[in-house]
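K.L.:
Heads up: the sequence lines are chains A and B, in that order. Following numbering that gives the first Met the number 0, the numbering of the first sequence begins with 0 at its first residue and continues without gaps. Following numbering that gives the first Met the number 0, the numbering of the second sequence begins with 0 at its first residue and continues without gaps.
Since the hints were made in silico from the structure, they are not lab data. Each hint should be verified, as a subset may be incorrect.
Simulated crosslink set (SDA-like; lysine to any residue; CA at most 25 Å straight-line) [claimed, not checked]: (1) B:K294 with A:R320; (2) A:K318 with B:E231; (3) A:K373 with B:F213; (4) A:K224 with A:K270; (5) B:K141 with A:K115; (6) A:K270 with A:V256; (7) A:K140 with A:Q86; (8) B:K141 with A:R320; (9) A:K66 with A:L88; (10) B:K141 with B:I241; (11) B:K141 with A:E306; (12) A:K338 with A:M139; (13) A:K339 with B:T212; (14) B:K294 with A:M89; (15) B:K294 with A:S347; (16) A:K338 with B:T212; (17) A:K338 with B:F220; (18) A:K443 with A:A251; (19) B:K141 with A:K69; (20) A:K227 with A:M455; (21) A:K373 with B:A123; (22) B:K294 with A:K318; (23) A:K373 with B:D189; (24) B:K141 with A:A327; (25) B:K299 with A:Q370; (26) A:K338 with B:F213.
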Amino acid sequence: MGEYIVQMQGITKRFPGVLALNNVQLNLRPGLVHSLMGENGAGKSTLMKILAGVYTLDEGQILLNDKPVKMLNPRDGLANGISMIHQELMFIPELTAAENIYLGRELRDKFGRVSKKLMIQKTREVFDRWNINIDPSEQMKSLSVAQAQMVEIAKAIAFDSKIIIMDEPTSAITEREVARLHDMIRALREAGTAVIYITHKMDEVFAISDEITVFRDGTWVATEKASKMDRNKLISLMVGRELDQLFPKVEAEIGEVVLEVEGLNRGRQVKNVSFQVRRGEILGFAGLMGSGRSEVLETVFGIYPAESGTIKVKGKVTKIREPHQAIAAGLGLLTEDRKKTGIMGVLSVRDNMSIAAINRFSIGGVLRRPQIEKECESQRQALALKTPSLNQLIQNLSGGNQQKVLLSRWLLTDPDILIIDEPTRGIDVGAKSEIHRLMGELAKQGKAIIMVSSEMPEILGMSDRVVVMCEGELVGEVSRKEATQEKIMELATRFSDQAVA
Amino acid sequence: MSKSSTNTASNPVIAAKAGFDLGHFVRTYMIVGVLILFVVALAIMTNGNSIAPVNLVNVIRQVSAIGIIGVGMTFVIITLGIDLSVGSILGLSAVVAASLAQDPTGSLVKFQGIDVPVIVAILAGLGVGALAGFTNGILIAKFRLAPFIATLGMMSIARGLAYIYTGDGRPFSGLKPEYNYLGQGYLFADPNQPLSGIPLPVVLFVGVALIATFVLSYTKFGRYTYAIGGNEVAARVSGIRIPRVTIIIYTISGLLAGLAGILWSARTGSGNSTLGQGIELDAITAVIVGGTSFKGGIGKIWGTVVGALLIGTINNGLDLLNVSPFWQIVVKGCIIIIAIIIDERKNSKTA
Chain A
0 MGEYIVQMQG
10 ITKRFPGVLA
20 LNNVQLNLRP
30 GLVHSLMGEN
40 GAGKSTLMKI
50 LAGVYTLDEG
60 QILLNDKPVK
70 MLNPRDGLAN
80 GISMIHQELM
90 FIPELTAAEN
100 IYLGRELRDK
110 FGRVSKKLMI
120 QKTREVFDRW
130 NINIDPSEQM
140 KSLSVAQAQM
150 VEIAKAIAFD
160 SKIIIMDEPT
170 SAITEREVAR
180 LHDMIRALRE
190 AGTAVIYITH
200 KMDEVFAISD
210 EITVFRDGTW
220 VATEKASKMD
230 RNKLISLMVG
240 RELDQLFPKV
250 EAEIGEVVLE
260 VEGLNRGRQV
270 KNVSFQVRRG
280 EILGFAGLMG
290 SGRSEVLETV
300 FGIYPAESGT
310 IKVKGKVTKI
320 REPHQAIAAG
330 LGLLTEDRKK
340 TGIMGVLSVR
350 DNMSIAAINR
360 FSIGGVLRRP
370 QIEKECESQR
380 QALALKTPSL
390 NQLIQNLSGG
400 NQQKVLLSRW
410 LLTDPDILII
420 DEPTRGIDVG
430 AKSEIHRLMG
440 ELAKQGKAII
450 MVSSEMPEIL
460 GMSDRVVVMC
470 EGELVGEVSR
480 KEATQEKIME
490 LATRFSDQAV
500 A
Chain B
0 MSKSSTNTAS
10 NPVIAAKAGF
20 DLGHFVRTYM
30 IVGVLILFVV
40 ALAIMTNGNS
50 IAPVNLVNVI
60 RQVSAIGIIG
70 VGMTFVIITL
80 GIDLSVGSIL
90 GLSAVVAASL
100 AQDPTGSLVK
110 FQGIDVPVIV
120 AILAGLGVGA
130 LAGFTNGILI
140 AKFRLAPFIA
150 TLGMMSIARG
160 LAYIYTGDGR
170 PFSGLKPEYN
180 YLGQGYLFAD
190 PNQPLSGIPL
200 PVVLFVGVAL
210 IATFVLSYTK
220 FGRYTYAIGG
230 NEVAARVSGI
240 RIPRVTIIIY
250 TISGLLAGLA
260 GILWSARTGS
270 GNSTLGQGIE
280 LDAITAVIVG
290 GTSFKGGIGK
300 IWGTVVGALL
310 IGTINNGLDL
320 LNVSPFWQIV
330 VKGCIIIIAI
340 IIDERKNSKT
350 A
């Protein structure tokens, strides 16, 4: 056996009109974690789909243990010991963990009947061996995202996969669960599995990788040992230019209080929450996932009605029970889940952009189309939006550009208070820093910005002040000067006895 | 064509930069091509009889009810809803309006000796339709019923009420000529030439379609309609009052069903409680064939109009070719399935 378990050589993949991958190479060694980095559209996922047999390649070859193989469909991938754990997990929620693991190759008893018992027993063996603390007879729908992910990994193990591809596995799990996942990956590495790890999060890349390969615009840029790479070098390889400052914090004048929330309550996720935010200020909301950060702000915005509490906007007590009331009061909310609650996929960029400000864009119910055109066009230029035209369907844009459209949607309403939930989740480095720059500018214009973020560097880099939530309560507040990762994590885990890794 | 359509799918930016997108154009206007194809094919098979002006006007008049209801249905389906009750509402509105439009001097009159102006009969018919639609809207928006369920219930209720209202089941006939004029009259008719001019139902159909086109493309309400179909949660977060818009949309659908009921009863000169049975399927077919997506957020009124014309042409053509009406039903079923397959594929390409 040679040095490499997988060699992908001269891989070229064309989609009509685009060259998605141009003569790309990737070599994997067994027992190492190999991270793939690159902006959205760089070709990482396409290459991985080729390796897993989801796409077929146009040119080039794949060698497994030095022998050429053909991957024509995902079955070929699995048969060759390659498993892909997709960003959006694929399982059948009504079935148990064990049934999902053996989906399509159900275990049978000696009479040829599908045996749940046997599958549960086998699954339990895998779970025990890998320290996965899940009941195999639990239905998938009652598992958390992180647990479901563990089941998927267990499935790969049960398939005897030698190569496991993880596509942004940490985009929806908490820091503690990330630590757990990383432990799992290390154990897989010990066992000689080659793990391919795709993520946008820098910290994780350095925490887990042995080797890093960078792609840009469908071409291979570099492969390096992780120990020889640093953050700035990595970013410059990815974007092809140096980003001198990751968080361009603009100094803004902090003005009067524009939003004051007192004693807000709703269920278990919002317990007696009070806070205020001033003009020119960026207020960070930190906390673990599920700590109630998003829920507090969604309640303020009227997506869920509050059970009690008062909201004062610009000094006036304001009743907000529906989003349209919040908008009328001068609030805007860019939601966390772009696809589910943000974009209207089959509508144009223009329609997506103008919808929240549509009252301003109409007289007596009739649209002022030239004005919509003018203002959307100027947003497009101001935000350097990459779209061939305002008529383009928003679903055809990249994640970063979709996010810019949604930001424009709220800018067009000219809000006094803009709430941004996970401003840069799942978008590439270039768009990320642009959105950060815009947030700084908005604060400078005298808007109050509330930002929810799970990314610690973003919280530390952008916020003037950070409030921390834990289990529905607002447990502390730290100023920009005092804010450190340790301090925030300490507050965020106040009620848990377990320490964070 | 296939090349440029996959092009759009995998790289919209590049495809759109090329300027004219043939694939997109073909997918958008394919329905018009299909209509022309059918018309020409039928014209050849019927030795030109099918495109005689008298027949064409007749076809359009026949489809005006489907078309008017289809216009309302377009709004409904764009918002990811469905309205199964339109046929029954048509029947109920027809009997209510007809009962009030009966010549009180005739025999078998519902309201003996009561003479109301025709306009009252018309308003009553429209009002009944709007009220039934409003009820659908309330059930869907406030009681959170699935549109399919709410309108399925209303389908049964409205039809039942129409039967009850007619009592012995005999249609209301002996309607006033002013009322019948709505269904039988012509606009711009040349008095020297019989059968000239444009039938009133056609005029109303065109009017309704134009107004709806304006509403969908040029008003705030139109944006709301598309936004709700595009992503209801996102629309709500953007400040749209979903319940209000939903109620208005179902009310419009009911109102237009009522209008179709009046026109139909006026054309036949009688209000029959069985009127409009099954027309909901024709209307839905017209909407889907016309390119409105069952997945919401996409749809155009002109598409529905062309869809209705296509159904009318096919029905009429099969009539002229002496094909059994039972086969016509089979053909209609095939059309709706093909339309939905096309819709599926269109969507998977743009996703």
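K.L.:
State for each hint whether it applies.
P.N.:
A quick look at each hint next to the structure:
{"no.": "1", "hint": "B:K294 with A:R320", "result": "violated (29 Å)"}
{"no.": "2", "hint": "A:K318 with B:E231", "result": "holds (23 Å)"}
{"no.": "3", "hint": "A:K373 with B:F213", "result": "holds (21 Å)"}
{"no.": "4", "hint": "A:K224 with A:K270", "result": "violated (47 Å)"}
{"no.": "5", "hint": "B:K141 with A:K115", "result": "violated (43 Å)"}
{"no.": "6", "hint": "A:K270 with A:V256", "result": "holds (22 Å)"}
{"no.": "7", "hint": "A:K140 with A:Q86", "result": "holds (17 Å)"}
{"no.": "8", "hint": "B:K141 with A:R320", "result": "holds (16 Å)"}
{"no.": "9", "hint": "A:K66 with A:L88", "result": "violated (31 Å)"}
{"no.": "10", "hint": "B:K141 with B:I241", "result": "holds (10 Å)"}
{"no.": "11", "hint": "B:K141 with A:E306", "result": "holds (20 Å)"}
{"no.": "12", "hint": "A:K338 with A:M139", "result": "holds (22 Å)"}
{"no.": "13", "hint": "A:K339 with B:T212", "result": "violated (29 Å)"}
{"no.": "14", "hint": "B:K294 with A:M89", "result": "holds (22 Å)"}
{"no.": "15", "hint": "B:K294 with A:S347", "result": "holds (16 Å)"}
{"no.": "16", "hint": "A:K338 with B:T212", "result": "violated (29 Å)"}
{"no.": "17", "hint": "A:K338 with B:F220", "result": "holds (23 Å)"}
{"no.": "18", "hint": "A:K443 with A:A251", "result": "holds (5 Å)"}
{"no.": "19", "hint": "B:K141 with A:K69", "result": "violated (56 Å)"}
{"no.": "20", "hint": "A:K227 with A:M455", "result": "holds (24 Å)"}
{"no.": "21", "hint": "A:K373 with B:A123", "result": "violated (46 Å)"}
{"no.": "22", "hint": "B:K294 with A:K318", "result": "violated (35 Å)"}
{"no.": "23", "hint": "A:K373 with B:D189", "result": "violated (49 Å)"}
{"no.": "24", "hint": "B:K141 with A:A327", "result": "holds (23 Å)"}
{"no.": "25", "hint": "B:K299 with A:Q370", "result": "holds (23 Å)"}
{"no.": "26", "hint": "A:K338 with B:F213", "result": "violated (30 Å)"}
The earlier numbered hints that this structure contradicts are 1, 4, 5, 9, 13, 16, 19, 21, 22, 23, 26.
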